[in-house]
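Q: Residues per chain are reported as follows:
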Amino acid sequence: KQEVTQIPAALSVPEGENLVLNCSFTDSAIYNLQWFRQDPGKGLTSLLLIQSSQREQTSGRLNASLDKSSGRSTLYIAASQPGDSATYLCAQGGSEKLVFGKGTKLTVNP
Amino acid sequence: DAGITQSPRHKVTETGTPVTLRCHQTENHRYMYWYRQDPGHGLRLIHYSYGVKDTDKGEVSDGYSVSRSKTEDFLLTLESATSSQTSVYFCAISATGGREKLFFGSGTQLSVL
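If you read the protein sequences in the order shown, they are chains A and B.
With my numbering applied, the first sequence covers -2 to 107.
With my numbering applied, the second sequence covers 102 to 214.
All the pointers check out, no bait thrown in.
List of simulated lysine to any residue pairs, SDA-like, C-alpha gap at most 20 angstroms:
1) B/K158 - A/Q(-1)
2) A/K99 - A/D36
3) A/K39 - B/K202
4) A/K99 - B/L146
5) B/K202 - A/Q51
6) A/K102 - A/A7
7) A/K39 - B/V113
8) B/K202 - A/A26
9) B/K112 - B/Q210
10) A/K39 - B/R145
11) B/K202 - A/R52
12) A/K102 - B/D139
13) B/K202 - A/S49
14) B/K154 - A/E93
I should point out that these hints are in silico values taken from the structure, not numbers from a laboratory.
The following block holds chain A by itself, in its conformation from the complex:
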């Protein structure tokens, strides 16, 4: 059974800090790894998608990496801001569907 794990479940940091969120997956035969953001009471917003042939993707202050051999992905957030506070979920993409981790709840304190 495919499993995606995100540790820690919650993280609190001061504003301005650079931080890394971790995601591990069990199936090396992935199509892609996707990162999402979810604000309270809202749906998920797609942040980054890394294809299995890629090593990383960047969007603004966000950088996501993928290491298929170790079954790990990281989401790096530079110069964190209070507006980055949200739950971040990763998902392993298969041919037809995704398997989600349970997320890391990030709080950035002013």
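Keeping the supplied structure of chain A fixed, place chain B upon it in accordance with the hints.
A: Same frame as chain A, now just chain B:
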């Protein structure tokens, strides 16, 4: 933002009552999904569709049925709602299944009393 509309946004119903949730998309995407999100369990796939009248089960499909008679609409039905089905339900769409970005609706908060 992807054109996905879920209705209703909130619903309170009683145990044993049938309930239908609707997802409507304007993107003409082939794949549509229903997830439920619960504390401690994260997002779990209920059913998905890969085309009109083509559907398949997810990991938590018991007690749920789906229908897709048009590309733009995907319905989730709880035949006889139970308290364990109290949850937030999300619809999502994708052009090519798991190989491209997944776009989510705003969710339906369902309470079964």
